[in-house]
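> Using the sequences and the hints given, assemble the complete structure.
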Amino acid sequence: MEDLKTIKHNKESKQDVAILFAGDSGDGIQLTGSQFSNTSALFGNDVSTFPDYPAEIRAPQGTIAGVSGFQLNFGSIEIFTPGDLCDVLVVMNAAALKANLGKLKIGGTIIANTDGFDKKNLKLSGYVDMRNPLEDNSLGKYRIIEIDVTKLTRESLKESALGIKEKDRSKNMFVLGFLYWMYNRELAPTEKFLHEKFKSKPDLIEANMAVLKAGYNYGDTSETFTTRYEVKPAPLPKGVYRNIMGNQGVAIGLIAASQKAGLPLFYGSYPITPASDILHELSKHKNFNVRSFQAEDEIAAITSAIGASFGGNIGITASSGPGIALKGEALGLACILEIPLVIVNVQRGGPSTGLPTKTEQADLLQAIYGRNGEAPIPVIAASSPRDCFNQAFEAVRIAIEHMTPVFLLSDGYIANGAEPWRFPSADQLKAINPPVVKEATDEEFLPYRRDEKGVRQWAVPGIKGLEHRIGGLEKQDETGNVSYDPENHEKMVGLRAEKIAKIADFIPLQKVDQGAEKAKLCILGWGSTYGAIKTAVKELLAEGHSVSQVHVKYLFPFPKNLGELLKGFDQVIVPELNKGQLVKIIRSEFLIDAKPLSKVKGLPFSATEIKEAALKHLES
Amino acid sequence: MTQEQTTYTAKDFSSDQEVRWCPGCGDYSILKQVQSVLPDIGVAKEDIVFISGIGCSSRFPYYLNTYGMHSIHGRAPAIASGLKISNPDLSVWVITGDGDALSIGGNHLIHLLRRNFDMNVLLFNNEIYGLTKGQYSPTSPEGKVTKSTPMGSVDHPFNPLALAAGADGTFIARTMDRDPKHLRQILKEADDHKGTSLIEIYQNCNVFNDGAFGVFTDKGTKADTTVFVEHGQPLVFGEHENKGVRLDGATPVVVDLESGDFSKDDLWKHDKTDRSKAGLLMRCFETPTKDLESLPRPFGVFYQEDKTCYEEMLHAQIKSSIETKGNGDLEALLRGTNTWEIE
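Just so you know, the sequences run in chain order L and R.
Each residue of the first sequence is one higher than the one before, counting from 0 in numbering that gives the first Met the number 0.
Each residue of the second sequence is one higher than the one before, counting from 0 in numbering that gives the first Met the number 0.
No wet-lab data here; the hints were simulated from the structure.
Just so you know, these numbers come straight off a predicted model, no measurement behind them.
We put the beta carbon where it would ideally sit given N, CA and C, even for glycine.
Where hints are given, some of them may not hold.
To be verified - Partial selection, computed: residues in chain R whose CB lies under 10 Å from chain L:
id, residue
1, T8
2, Q16
3, G41
4, K44
5, E45
6, N64
7, Y66
8, G67
9, A75
10, N86
11, G325
Said to hold, decoys possible - Residues of chain R clear of chain L, computed beta-carbon distances all greater than 10 Å:
id, residue
12, D39
13, I50
14, V214
15, V235
16, D247
Right, dumping it as structure tokens:
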């Protein structure tokens with residue numbers, strides 16, 4: 000690319016930049032955003048992304064309902080969120096501008112595809128009297144770059160034999176090329192991507208590359224900008240990195256854990272947004288002895304996984320809120336069977352079908368309490384895309400070593416978000432030890448006899464002399480035979496609860512993520528709010544405030560020191576994308592006057608929202 | 000699977016648990032026949048698993064000294080599917096009832112049949128909900144008066160065999176608790192079949208629906224109301240083998256073999272591999288009347304087809320994936336395709 004670089008432009012260094020790509024859901028916005036993210040990550044920037052797309056497969060073109068967005072934040076500093084407001088807003092049509100203008104910083108740059116602002120588009124997006132916002136001086140607070148992307152794309156493909164429709168489909172590459180020029184990025188990673196994506200269609204590789212280069216050259220020659228921006232690599236810890244998305248992290252974590260446990264992975268699931276990508280990813284890795292099973296419904300998804308666990312595989316199922324609701328009865332079965340099982344809930348807006356493509360953290364109480372009878376199931380949560388890997392691995396470890404179903408909570412925001420990941424080597428991962436009985440001994444085999452952890456042994460069909468029957472009816476202690484004896488029932492309820500409580504002895508103690516162990520204010524979070532809280536607390540600490548961040552990953556049982564730790568703070572606030580679920584548990588568990596900070600809009604917290612709320616508490 | 004020569008007896012398959020069905024329940028007979036067939040199937044005891052749902056019949060696994068799971072309403076087929084994938088060498092038996100299999104678990108049953116896992120499904124049909132004490136079931140006849148239908152049920156009943164055929168089941172049979180010999184024979188044939196075998200077993204609930212199948216099982220009526228079909232044999236029935244079923248085009252009709260108008264050669268010869276004729280046979284479902292013209296209720300193996308099983312194909316894909324890509328390399332998976340180094 001050396002020949003494309005010119006010296007006539009000034010270079011301005013930036014610490015971090017947030018770009019929001021927005022357009023119609025057919026415009027290739029997600030691909031453009033993820034390509035820019037990957038290229039920036041490969042360059043060495045820290046990156047955080049937030050894809051935001053409509054629930055409808057294809058809402059009417061040009062309408063607000065059809066707007067698809069992809070925000071990314073990249074920097075030469077550590078990045079924890081996709082950014083509150085963006086510096087650059089790329090809009091492919093009028094609807095995209097209308098839907099997203101509020102997310103642009105005052106003084107920010109709008110890059111607009113003028114072809115998307117014709118009369119039809121203006122009408123569809125509801126601009127009054129079809130007044131073109133690019134021409135009516137209403138955008139005075141921003142810098143506008145107008146480019147007729149469609150025309151320039153067609154122009155650059157003049158020689159191509161492709162049809163108009165196919166040509167127009169590559170216009171996202173023009174925009175991508177232009178931004179690559181603006182931020183001094185290399186085209187090579189995208190070139191590699193295009194070669195893989197269109198392996199069997201060389202004419203499409205050629206066309207997309209031509210348009211990508213045309214966009215880059217347009218930046219160079221059009222003198223639109225006199226300044227190019229430079230975002231240097233971030234000073235991340237030494238090591239080798241890759242980019243990872245949350246759902247991908249879950250899938251890889253599950254496979255890694257099954258390998259470390261020496262057990263085949265069985266994955267039973269039913270497609271649901273935003274959990275389906277876990278199924279897609281796992282299905283690609285059959286050579287890891289992954290048995291993926293697309294079941295007929297959510298109930299079959301979990302029960303097939305229970306059957307597989309009974310057969311000696313590690314049974315796993317994933318879904319989102321409505322699907323988890325359907326799995327409820329089977330969760331109780333897995334609980335009373337005391338069989339290993341991992342249930343991933345990639346949460347989304349609820350109740351019911353709710354907001355399928357939008358994020359929420361409102362299934363915490365469902366995970367902890369949502370079953371009939373006394374049915375305790377451990378609950379852990381992932382805090383970022385790369386943490387999805389760690390927590391998926393951990394969920395399998397707990398499930399197997401403690402013979403119990405385990406809930407892993409993720410959500411739409413981290414499931415589809417991406418960030419750089421300093422991946423571990425295989426030998427850095429802990430071994431997982433399944434409590435399997437390998438053969439019968441002279442002693443009578445009792446399926447519900449427990450070890451000192453309260454864990455029973457796993458006897459898999461096929462081993463002579465261990466034949467036994469288990470089921471959903473209450474069992475007699477040790478023998479597992481059906482028992483309606485009142486004393487026995489109370490004892491068994493107690494034994495199952497004790498077993499889960501003891502897991503607290505086998506998880507790490509709670510640490511303070513940032514700030515001191517004692518401070519005026521603690522911001523206590525769980526799950527995907529991590530990045531926004533991290534950014535807010537970082538800024539507050541830099542400004543000299545007495546504030547700390549505590550982020551809980553083990554939600555049931557809690558780390559043993561959590562209560563004591565929280566009592567060291569004058570005030571505790573709990574930001575959650577729900578009406579106050581963790582705060583409810585914290586208050587009842589520890590008798591601490593923790594205060595909720597709720598947001599239920601289908602959107603993640605911005606760091607600013609958390610910072611402002613924290614300042615209010617600090618001032619009070 | 001240990002294919003060792005087993006010298007089991009029926010007693011080896013009896014667990015130490017007391018059998019607790021109502022006295023006179025048809026389940027006892029079925030349990031006994033299953034226990035007496037298991038020594039003959041050539042599978043080691045530890046490789047046999049019984050999975051059941053909920054209902055009277057679903058207590059079955061507790062009484063067998065094999066591996067077993069008594070699970071939840073209607074889900075036994077799905078649990079058994081996961082189990083069979085986890086270990087295709089196991090001999091898996093699903094025990095279910097008419098409510099469990101056809102109502103709450105209807106979805107799982109049709110998908111089990113569609114996927115053709117190699118397992119045996121024993122559907123105990125007593126046309127009533129026994130465990131919940133006497134409500135009508137999806138196989139109860141229209142007009143059935145029960146606790147929940149004091150004015151008679153207005154539901155049309157399922158024909159379980161036609162349902163199984165609709166789901167492209169590969170082994171579809173019917174037998175009854177009161178004919179131990181036939182029951183044993185069908186169990187054996189079902190186990191020999193590779194694929195999902197569905198056996199509907201008429202089972203008498205002497206507490207809530209006594210005699211529901213009496214017309215087919217009682218000595219006085221059985222000969223005239225039932226026809227036991229065998230592959231390659233004509234459909235002959237009646238006390239003195241005096242009646243037969245003949246196909247008039249695609250319409251089965253009862254003919255009198257004593258009048259001299261028809262002989263056995265004119266009758267419908269059963270072909271269990273003929274899907275459309277099996278369909279006609281399954282549709283012989285109307286309740287018999289005293290009228291000699293009414294068709295008998297068929298018992299036996301209606302349909303059988305060899306077809307690849309789900310678990311075979313799934314494991315073949317895993318094998319082929321390992322052959323082409325090599326055994327999964329965890330290091331490479333963690334690394335992915337695009338990495339960069341920060342020094």
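> Evaluate each hint against the coordinates.
So, going through the hints one by one against the coordinates:
Annotation: interface hint on R/T8 violated; nearest CB of chain L at approximately 16 Å, more than 10 Å. With a least beta-carbon distance of about 6 Å to chain L, the hint placing R/Q16 at the interface is held under the 10 Å criterion. Because the closest C-beta pair between R/G41 and chain L is about 16 Å apart, greater than 10 Å, the hint is violated. The closest approach between the C-beta of R/K44 and any C-beta of chain L is roughly 6 Å, which is under the 10 Å cut-off, so the hint is satisfied.
A least Cβ separation of about 4 Å between R/E45 and chain L falls short of the 10 Å threshold, and the interface hint therefore holds. With 10 Å as the threshold, the beta carbon of R/N64 comes within range of chain L, its nearest partner Cβ sitting at about 6 Å, so the hint holds. Interface hint at R/Y66: satisfied, since its Cβ lies 4 Å from the closest Cβ of chain L, which is below the 10 Å cut-off. Hint status for R/G67 relative to chain L: holds, with the closest Cβ pair at about 4 Å, below 10 Å.
Given hint, R/A75 at the interface with chain L, holds; its Cβ is 8 Å from that chain's nearest Cβ, closer than 10 Å. Interface restraint check: R/N86 against chain L, minimum CB-CB distance 5 Å, threshold 10 Å, status holds. At its closest, the beta carbon of R/G325 sits 7 Å from a beta carbon of chain L; the interface hint therefore holds under the 10 Å criterion. Non-interface call for R/D39 relative to chain L: holds, since the shortest CB-CB distance, roughly 19 Å, exceeds 10 Å.
A cut-off of 10 Å between C-beta atoms contradicts the statement that R/I50 is not in contact with chain L; the least separation is 7 Å. No Cβ of chain L comes within 10 Å of the Cβ of R/V214; the nearest lies about 36 Å off, and the non-interface call holds. R/V235, annotated as away from the interface, keeps every beta carbon of chain L farther than 10 Å; the closest lies near 41 Å. Chain L leaves R/D247 outside its interface by the beta-carbon criterion, the shortest separation being 40 Å against a cut-off of 10 Å.
The structure fails to meet hints 1, 3 and 13 from the earlier list, while all remaining hints are met.
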